[in-house]
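Assemble the complex: chain A is given as a structure, and chain B must be docked to it using the hints.
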Amino acid sequence: MILELIEQVEEQLESSTKIDAFNKQRTQLGKLQNELEALTAKLNPIANVLPVYQDSVNPEITSAIRSRASSLPARLNMAWQSTSKGEIHDASEAIQSLSNDISELHRQLEQGWLVFVQATLPGSDTTQLMKSIPELAPRIPHFTKLRDEVSKLATKLPTTEAEFSVVQKKINDLHEIVNQVEDVPPSVKLFIRKVQSNQASLADLTDEVWEWCSESEDRLRAFKISS
Amino acid sequence: MDEFIRFKCWDDSRISKVFSKVALTVDRATFLATHVPIREIALDYQSNESNELVAETDLLAELQTCALNDLHTLMIIKGIQGTGKSHLIRWLKEEYMSANSADIALLIAREDSSLRNTLQQIIDSELFPADSMPDALRRLTEATAELSKAELAQNLLAQLIIGHQQVLDNKLTIQEEHKPHRARVFQNIKHFLLEEAIREHLISEEGVLGRLARFLSEGSGTREAANVPGFDAKDFQFETDLLRQIKHYSEAESLANDLAYEEKHRTSLARYFNELLSQYAISHATRLLSSDLKQMFADVRRSLLAQGKNLVLFIEDITAFMGIDQGIIDVLVTEHYREGEQEYCRLISVIGVTDAYFQDHFPGNIKDRITHLLTLAHSDEENSGLLDDPTTRAEFAGRYLNAIRVTGKDLDTWAQAGAQNAHLPNRCARCQFQEECHTAFGYIELQPDEPGSQRVGLYPFNHQALTTMYESIDTQRYKKTPRIFINGIVAHVMQNHAGQIAEGKFPPPPQRLGTVFNVPRLQSQLDSSTLSSQYPAKAAYLETLFRVWGNREVVRTVNSEGSSFIGAIPEVVFSAFDLPLVETTIEAQGAPTPAPTSPPTPPPSQPPSHQQASYAHFLDAIEAWRQGGSLERYEKITNWLISFIASAIDWESHDIHPTLLNELLQQRFFVIKDQAGRKSSSFYLEFERSEDLALVIYALTIMNHEPFESIPADQLSGYFATLSTWLENEEQRIVEFIRHPKNPTLPPRTLENMLITDGLFLLGLESMLGQANSVGEIYQALIGSSQAGVEVWQKAIGLSEGTHTSNWPRLMAQLNRHGEVGTIKDELIKGLSCSGEDAGFIDASMVFDVIDELNQVGWELPAMDLEYPIGFGQKVNSTYTILQRDMVSLVDEETRAVLDASKSLYQLIGDTSLDTLYQRTRELLGKLRATRNLYDGQQLDPIFQGNSSNVLLATQEYADLHELISALEEAQVLGEKFNLLAGPLSSYAPQIRNTVQAFKSLEQALLRIHKELQQKGNVSQDLREISEAIEKSYKEVDALIKVIGSEATN
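Residue numbers (my numbering), protein chains in the order written: chain A, 62 to 288; chain B, 5 to 1054.
Chain A extracted, bound-state conformation:
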């Protein structure tokens, strides 16, 4: 009926102003929501990788992280308070500040990761030694490939524990080979370097060297006497 309709419309008109205000607030809140979501996206990989990172990578950086992380809850709380009061602008600024800090934290982690991984890479003399050790020489291609892969992974911070594990395993494989080279006695290493530079003499063929060579037919055949 017309009269009922008139009454309804009148009632609706009265609440119209309030609704306009809500409308404005809705836009602002929407923006805030977007910012928070962006923040979550940044924090997630950090939170994921941090435990592994701390355990095995670079303990030195924890102090920097702690100093930054310690202030974050309070600032977040402030933003929440502002949001609750409808002070959306203040909340937004607080969130923006948090975002900057977290970005910095992320950057530090990346840098630490790069340093860590590069530190694990073996030197070029390892490859040289492997060439003259008959049982290791065939593994040189695998070794080279592994070293290149790990070198590349150093530039990208793992975002999950799984990613981190993959890198860790490759580093371990690399080091397994390096350790075998490292196990060769120093006198033998010296002998091999001299041989490779044609400077070895019978004098360098010490008992220890002879004993190492005698451990396998391949080693004995690997070295020839020439004048």
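These aren't lab readings, by the way, just hints derived from the structure by calculation. This structure is a prediction, so every number in the text was calculated from the model and none was measured.
To give a feel for the contact side, a few chain A residues facing chain B, derived at Cβ under 8 Å:
| no. | residue |
| --- | --- |
| 1 | 71 |
| 2 | 73 |
| 3 | 74 |
| 4 | 86 |
| 5 | 87 |
| 6 | 101 |
| 7 | 104 |
| 8 | 107 |
| 9 | 108 |
| 10 | 130 |
| 11 | 133 |
| 12 | 137 |
| 13 | 141 |
All C-beta atoms in this analysis are idealised placements derived from N, C-alpha and C, irrespective of residue type, glycine included.
Leaving out everything else, chain B in the frame of chain A:
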């Protein structure tokens, strides 16, 4: 019996056996006994010779030659209906098979013309044995079963639609000249056939497909192929009711309209559908396609070849295969050798076709493959020509007459013994009256060229009787064929009248003698009068004898041998029929005597009578009509009759409206039985042929030409007496015809009643009924309205457009489409004596009666059988018919519209007072106007803020309206409703409508605003959801930060 009187020399029971209408069902002996050799058969082409005339024996010899030389033969015998094709084909079959008994013969009779019967004949022939050819037999049996089904008509219709679709898809070819020329007609055919009303019409009992289905299944009941049904242009002349029922497809409606207006479209569509029927629909409905037939016959011919036998087909008429005839023709042209190898047995076929079929339906490419094309005699459309020779005529009659005089057993014995003409059993040979009978009635020679030939008498006919009846065949309706001659003349007379010889009542009166011919008149009508007066008991028989057996003159002659004849009829004939020898003068000695074996020469033409008078030709015409002929010069004669009727009847005493007299006393509405011209009106008053009427028009002719003083007094008084007596008998019929030309049995005054009724309703429709309730008030209003004239009507139509539903002015306009309203008002003024000094023919009591009657039936008009065909009566009639048909629905519709409007109004207003509602509306509109972008008040503001008195109902009006609506709801009869709607409610109609419209506009605007505001309300819901989402996000961030913080700390 010693005297040749009332002699009967035949057995009645033999008549029906011998005169069978179906040549192919007569037993062999009778057939051979009655067979008259056909000696003139035109051979159209065989080799290079053309138009050679051959005899039936030549054809038989030709067939024998073809068989001997193993030649494929297709012999086509053309001829119009009844020329003896069947006889010839049967004779050829009998003779051929007696010499070639090893061949397998299949004889197909047309029987009752049904396709089902034709197929049944093939099944019964056992040409397709069940054990060796089960598939063919199954197909034939299935086809006959399909033809027996009740759904055959529907099936035909379905096949017609499919066939048409095949044409559209170019899968079936119909020659362009057989298709409708107009593209629109062709395009609309499919939907036309799919339209329910059309379908129902076509397959109904009387619809064309219903008829066709019946024909295919049951035949026509006759052997006339000319009756083969198919589509005809008139099948598409639809009744208006049917056109109204077309509602599903606009295409169907369009085509139906095209057909309604153009004969050529009806014709072309009928032609196209007939092509579809013959080329597709029937064969598919029976599921017996051309290819099937071809295959079946190919199989049987292969089988016969293996058995060393040959096939001979004798088909009486190819049209018996209607619908699958093209398939049969395909079978007939298939030769037994293919590329030098014999694949099938030899086929000789002898096929009867009508000229029309051969011309229109026999495929052109197949005509070249006919080996023998023959035409029976020199037939034309009306005359087979076969019986032009009187000797042949007599031979036909004589052989049939002989066959009913002898026993069937004797004929069988004769047939078994070789059926030699010389030994044909002959009843005359042992008849004691042979000599005097043959001398008086004539005879035929069975072997005219041989000595000692047998003579067969023509009794009870003579040569002249056979000639007269044959020459007088009504060629408008019948063709001069052997069939008509035998069945319509010889058989008819023997079956219906010859038995009366024993009673002395033969030949019967002229008008009863036969139905296919007209008995010619006597040379002088005086003779007729003389016979009536002198031999009252025998005059009719004598008149027929003179007119048919004799030379139509009642004159005695004596020939050179001293034999006496009356009307060229030997005296023995009179005594044989036990008729008196008519007393007459001897005209001449040595007058020509008809020879007993040859027919007489035609009689001289009738000498003109009444030559003395300038109007003699009228009297001749009347006399000819009196004698049974048609009435020539009837126009003037009828006009004299009408003048007499107009002046002699006291019309006033019969309450006949003078306008009606002027309109109906016209020549075209009066018909004299058997007048020579066609009737130019669909309704008319017919005067039967009678002696009285003959005398009346005779008297009127004389009286219209001769001054009364020149007519002898006794003669004149006789004329007046005749006219008076005739009028006394006819007056009531004439008056009733004038009053109700199409419904003479209706009570008087119907036209006046209708006129008043029409006037009253017109009064209501133009809203001039006002508040008139009593009979007196209505009477006054009627007079007032009629005087106001037709201008008021036109104005009222305009006004009603604003106060009623659209059908109200539409009906008003329809009622006056041909100026009916003006005529009715004029006649009412005249009738009510509203003008002029003369008293009108309608008095107040008549009006009161009509109003009373209307009140009794609640103003719901009863259907009136009266159908007044012309003039003012027609206008009154058609107006009444429209009112009777449309008023109930109009008032119903109007009532619904008013009640719906008021219901809408109540719903919108509810219990609120109108003042309050208007006030609140104005306030709200003010608030809305203050709200930016929410309300555009251009439409509503002028109504609710401005001066609304012309638009909106006032409070008092609303209250009054409420009462009227209640009255309308409670009204029981049409009259009450009509009164309210045409009167007070019509004045409120614009404001009801405007108010409803205004409130509806307001409602729509408010609903829109309400919806927009409601959507705003939904914002708060959104806000809550977003706040919750933000809180959740905060918590997530907080948790992550805590994780990071604790890890870092650790």
